[in-house]
Amino acid sequence: MAAPEQTAVRAETPAPLAPTKSASRLDLRLAGLLGVLVLLCVVGYVTRPESFLTEANISTMLRLAAAIGVVSVGMTFVIISGGIDLSVGSIVALASVWATTLATQAYGPVVMVLCALLVGLACGMVNGVLISYGKIVPFIATLAMYASARGLAERISGRRTQVVSETGFTDFFRGDFLGVPILIWMLALVFAVGWVLLNRTTFGRRTFAVGGNAEAARLAGIDVKRHTALVYGIAGLCCGIAAIMVIARTTSGASTNGLFYELDAIAAVVIGGTLLSGGRGTLIGTLIGVLIFTVLNSIFTQNNLDTDIQNIAKGVIIVAAVLLQRTTSRRNADKT
Amino acid sequence: MAAPEQTAVRAETPAPLAPTKSASRLDLRLAGLLGVLVLLCVVGYVTRPESFLTEANISTMLRLAAAIGVVSVGMTFVIISGGIDLSVGSIVALASVWATTLATQAYGPVVMVLCALLVGLACGMVNGVLISYGKIVPFIATLAMYASARGLAERISGRRTQVVSETGFTDFFRGDFLGVPILIWMLALVFAVGWVLLNRTTFGRRTFAVGGNAEAARLAGIDVKRHTALVYGIAGLCCGIAAIMVIARTTSGASTNGLFYELDAIAAVVIGGTLLSGGRGTLIGTLIGVLIFTVLNSIFTQNNLDTDIQNIAKGVIIVAAVLLQRTTSRRNADKT
Amino acid sequence: MRAISLVNQAAACEVSHQEEADLLLAMTGIGKSFPGVRALDGVDLVVEPGEVHCLLGQNGAGKSTLIKVLAGAHQPDEGEIRWQGEPVRLSSPVAALRLGVATMYQELDLVPGVSVAENIFLGHEPARFGFARKAAARTATAALMRRLGHPEIHPDREVGTLSAAGQQLVSMARALAHDARLIVMDEPTAALASDEVDNLFRIVAELTADGVAIVYISHRLEEIRRIGSRVTVIKDGRTVATGLPADTPTAELVDLMSGRKVETVFPHRDETTVDPTTEVLRVEGLSRRGEFADVGFTVHAGEIVGIAGLVGAGRSEILETIAGARRPDKGTVTVDGKRLRPGSVGAAVRAGVGLAPEERKSQALLLDLPLAHNVTLASLPAYSTAGYLDRAREHRDAKATLERLELRPADPRRLVGTFSGGNQQKAVVARWLVHGCRVLLLDEPTRGVDVGARAELYRLIRELAASGVAVVLVSSEVPEVLGLADRVLVLREGHVVADRPADDLTEAAVLDCVMEGHVMTGSAHALDPEEAI
Amino acid sequence: TSNEAPGSTNTAAVAGQTGENSAPGAPVTIGFSAPAADHGWMAAMTKNARAQAEQFSEVTFKATEGTNDVNQQIAQVETLINEAVDVLVILPFDGKALTAVGKQAMDAGIPVINVDRVFDTALAYRTWIGGDNYRMGVNAGNYIGQQMKAKNIANPVIGEVAGIDSLPLTQQRSKGFADALAGHGFKVGPRVSAQFTPESGEQQTANLLQGAPKLDALWNHDDDQGIGVLAAIDSASRSEFIMVGGAGSKNMMDLIKADSGVVKATVLYSPSMASSAIALARLLGQSKGLGDLAEHEVPASITTYSAVVTKENVDQYMDVGFDS
Ligand SMILES: Nc1ncnc2c1ncn2[C@@H]1O[C@H](COP(=O)(O)OP(=O)(O)OP(=O)(O)O)[C@@H](O)[C@H]1O
Ligand SMILES: Nc1ncnc2c1ncn2[C@@H]1O[C@H](COP(=O)(O)OP(=O)(O)OP(=O)(O)O)[C@@H](O)[C@H]1O
Ligand SMILES: [Mg+2]
Ligand SMILES: [Mg+2]
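Chains as they are written, first to last, in my numbering: chain A, 2 to 337; chain B, 2 to 337; chain C, 1014 to 1546; chain D, 5 to 328.
What the hints contain is simulated information worked out from the structure, not anything from laboratory work.
Any given hint might turn out to be false.
Once the Cα atoms are required to be at most 30 Å apart in a straight line, the calculated DSBU-like pairs of lysine-lysine come out as [to be verified]:
no., chain 1, residue 1, chain 2, residue 2
1, B, K226, C, K1374
2, C, K1248, A, K136
3, A, K226, A, K136
4, D, K179, D, K218
5, D, K315, D, K153
6, D, K153, D, K179
7, C, K1147, A, K226
8, D, K191, D, K315
9, D, K155, D, K179
10, D, K153, D, K107
11, B, K136, C, K1343
12, D, K315, D, K261
13, D, K261, D, K191
14, C, K1374, B, K136
15, C, K1412, C, K1248
16, D, K155, D, K218
17, C, K1351, B, K226
18, D, K179, D, K315
19, D, K292, D, K66
20, C, K1343, B, K226
21, D, K191, D, K179
22, D, K107, D, K66
23, D, K107, D, K292
24, A, K226, C, K1374
The structure displayed is predicted, hence computed values, not measured ones.
Generate the whole structure from the sequences, applying the supplied hints.
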């Protein structure tokens, strides 16, 4: 969208022999972002030295970050591929509701998990097919899903919060493994798998190509439509995983789950340095983006700040973070 | 986002067979859109023949459409210029609160109106300056405003709904002129002024240029930064006008006003055929887009549909409208 | 129309020894329509192994469309394609690539955000179980780049940071990576300087020696003379001649392409229109760190000053700085005796400076807007009272200007994106003509423009100068600079190394001056002046 | 596909099944407008209203389904006025914002029953029925205060998980809570505000618990978000405090009855008021009074009582417990 920057003239002498590594500028951005995160942690520690950097609080923050983190992984793929997904929150709601109906719960935990994943994947694929084969712009197609999926979730649940009585499910997902909560393991795993998929497989590299120049990708023989559909499928699957996490955390499924996830996820991805116009981005940046918002929230709550002050501060901090991040990366870039 | 279209090769025989009129494809889209609107009206009439197309109901629908319609006018400018504004709802809230504090009300209706307009304009200009001179991408800059403005509205109002006791204000804005409610006049006026500004002035022409190719606009001597700032200022001003309308309708100002206006406005603009990537769009399309959503709502209400069904149907109808609109315009294009 | 001669002696000699008379590719009666346009209307193309088959035609004749059909990117409405005698259906780009047809498209078809190696192997990445084997791709890329004579382009480098020439090399490497039997090159030299062109031709020669066939598209006839085996001419979507020898006289080729007589490709200088008493543009001590330093010159009314130099010498940057699009570190620009505010395009435009930038699509045109809106973009204040546009006058003036430029079709309501390259370039010039500018800065005005349209542009530039405008012309084609300009500046690595009247210079002299001591100069074969007609 | 067991009767509270007034009267069309039924309590309100209307054969029920956009709700009420219903039952998203349209209806001769969130002027409604948010907070505060006294805790840390902070009802509840605690010489400690949803309840409580290593009591405004609050408490393995709920969901009452966890009580804010509102609307439409009162007319204002439900009296209130 920031057309002025993007269309800036780029030309280059054939002369410079030093190969500019493709990642270096990105690395600097990430360093700036990490700086913002560390700064926030310092603020948290200074204001609440007794409780902020405790193991318990870190574990709490990470568990809070888990669901939105997983959704943001999927969102990163979508945005890198040049799209946008407004429906993630609604898909989380639908998957969480569908996986916790009495009927589903009766089949036991495995079926509940499969149900959430399948519902997420299916919704994502519907988005993908509408966008790639139906040629509906992503904003509109996922806006439609945004309305429909939540409506369906309300319909299925009768707008009741469905409590999970299936203890096998809650025991497992609310439990620990090697002293670390399962939710945090899941978050780590999704990030790791996402990272490998994005950076180490042909699928991931093609995602960059589709987002960077879809026509070039098509001419190079990539099935852009199928690829686009799959990317939204991945985003949907991530919503399914997030739904499992939300069910585990709240021991219930409700059509009100996942409210505002779309804004939170997009904000985390964009703060993380992924271009909204596609073709460029990192999952590490997204992870840091998610953590920044989580830490911010924790600081606010622990310091007993009013919601109104929280909101005002949030806006100011977003702007400050972006500006700070840019200044650091520019200063360093000048040095090299 | 739809990169394939943009990168498609465009060249032309010196001896073309049929000179394609520039606007014709857009006109066809608009015709398709109008078809959708008419179709919805027919559905409304068939299901509720006794009440749907009555004068009272049409007036109700138009007054409901007024605030979001005005916001959508500003949003159309922003999107055509290649940006996005997520903060419109929050700005409406802030302006409505600021204009209805006891202190403001004490100065009388004129000051209240000016206050709403100024607050809207100021917020818009802050957005604009952050985006153009601060070089923060529109999504992030307006996301920050989205959080901050609502926070500030909560702070100012102490989260209380502020009742307007200034009867001069309510009497005027809730009144009629020549038998038509003032709110509808205002909507018509804003649309007319917006249309002239967009299609008949240098400002509008430059807006298309900045959104279509910011670098080309810059090299042609247009001050792209100042222009961008002004466009967001206009969007803010529209929010101020919408705030006045909301105050008139609710006879109060509250920090909860304008919830989800950003999504509704963007949806109306995009359904109306304006490209999210900028450079192309019409205000007529936006108006029809707003009306489609309003009529939809009225049909749902009058037919006593459950919210969940409403949501599901809304999604389906959005997709259907886009597909329908495309098929009609393609079929007609083939004929010529 | 002249008779079509399918069998050609000269070409036959060059066909590689193993597959004597066997045809590699035969496309017959290919037709393709787009909404409202019949782009191809029965094109025939026959390619033998090991030949360089040149496609000629005006802008919009259908060359790129034809090769997109061949590449599987467009589906033809009618016609037959035979590959080594077998009928084939090229349903997708993959099908064509499998067959052995690799294509370098006219529009750079690279992904800017990813690395050189990934661009080259996009769609056919070396992979194991879906995991990309980056090391393998890197090694192969490095080898390809060495083969192309540019080992300094690192496989990990982001393609978006390369110059146009560098990107063209990556495209080339990608075509080579496919091990193709037929490589299609659509205007590969449009963005290349002469030494890079030599390098490209060396590789073409290597390929044809291996029996690979090349389909070569270019608007530069002298290139066709140097490497072409046979020529096919396309006009309005039809083949009008095929199997012509590469040394067919220029007049004859131009005649076939345009259906009318164009005397010369490059202009000959007439008597000068310079008014030495009126200095319009004065540039003094202009510098930008890392781009150019201490550039100074003056241009008088009616004078055309040409700037020659290698790609990357900083010519575009100088023009952009004069136009206010870049802020100089030092130095001043004076127009009609008034100093311009540095770094403000608006101030420059108001003072009458117009820039026709290098990349017309990304820097000059609003492809989705009508021609009239594009043409008046810089003069909006003149067409409005208190901001309200006088659209009737705007339309009238635009139309008059378009007719004066013989821009076809001169319909101001038509979207710019639907015009051919040459006509788009005229639209850019029309913008400044409408504005009534004092100084016109032209950056590569004839890139990608066909011979017929070129001649018209030259005439137009001359006319402008004659009306008292000061023109600065940047071009990579030395004969063009020499033929048009009254005075020539030669730029090397951001410094002006020569400033002389054009009459004192020959092409060889300019090239010598341009090349001398340049890092990249591997083989300094200058274009032979004889070849350039 | 819901958790509701088939044939379950206590999902909706209904009134007016006995006495003289239960006999069918003249036909009445009742228009109903409420905010979006996006959480348990609000969903129960809508459902109760519908269920109550179905009890009366002569009542035609026109519900416009909810929205949290006041502008939309105004349009919905206007639509109902245009349709000339006999009585309007309005639960405004924001009482002050809908005052004008309420007045418009009254001016058009349609009596308005204002439910819960009160209009700004009595001119805008014929009868108001609703809970007392301030007293709800007071009752919660008093209960906690007494428990703390009983346990002899001198300086208790008392937490609060509020609902949507920008709603007046939340502010009233919090004020009542703070005032009552002050009466016992205590004050509110850590406070967070959630969104009336289980997910937000869990998130906010998780953070609250981290900020407060030790708690003695916790009041949660809403039993629907309480599901999340309890999940967070469970995750943090905390049990050193007592928790009091709000509104009175069936789920929470079951927990109180079982007495196995931190939940010891809940303060009613029962959605049964919606059922009563419909019953009153019918009476208004038929120009009848309330049977047990001496008045000829339906009273102008009825405030429901926010009883504290504890283990001792829970059975008595099970029938008004709503599905969260
Ligand atoms: N995707 C498309 N949609 C519509 N028309 C098209 C499309 N691509 C090409 N055309 C039309 O087909 C005709 C042939 O265009 P083409 O690009 O093949 O010309 P060309 O010979 O390559 O010209 P140039 O020398 O300028 O590159 C032109 O009239 C052009 O407008
Ligand atoms: N956007 C940019 N960022 C960094 N360096 C740039 C940029 N644009 C140009 N340069 C540098 O400026 C110098 C000259 O650029 P350029 O290639 O445009 O020269 P030129 O003489 O105009 O060549 P051409 O023949 O392509 O017009 C080069 O060293 C190039 O690397
Ligand atoms: Mg071409
Ligand atoms: Mg250049």
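Comparing the hints with the structure gives:
no. : hint                : in the structure
1   : K226(B) - K1374(C)  : holds, 21 Å
2   : K1248(C) - K136(A)  : violated, 35 Å
3   : K226(A) - K136(A)   : holds, 9 Å
4   : K179(D) - K218(D)   : holds, 23 Å
5   : K315(D) - K153(D)   : holds, 19 Å
6   : K153(D) - K179(D)   : holds, 21 Å
7   : K1147(C) - K226(A)  : holds, 25 Å
8   : K191(D) - K315(D)   : holds, 26 Å
9   : K155(D) - K179(D)   : holds, 24 Å
10  : K153(D) - K107(D)   : violated, 48 Å
11  : K136(B) - K1343(C)  : holds, 26 Å
12  : K315(D) - K261(D)   : holds, 5 Å
13  : K261(D) - K191(D)   : holds, 28 Å
14  : K1374(C) - K136(B)  : holds, 24 Å
15  : K1412(C) - K1248(C) : holds, 27 Å
16  : K155(D) - K218(D)   : holds, 16 Å
17  : K1351(C) - K226(B)  : holds, 25 Å
18  : K179(D) - K315(D)   : holds, 26 Å
19  : K292(D) - K66(D)    : holds, 21 Å
20  : K1343(C) - K226(B)  : holds, 24 Å
21  : K191(D) - K179(D)   : holds, 11 Å
22  : K107(D) - K66(D)    : holds, 20 Å
23  : K107(D) - K292(D)   : holds, 22 Å
24  : K226(A) - K1374(C)  : holds, 27 Å
Consistency with the previously given hints fails for numbers 2, 10, ordered from lowest to highest.
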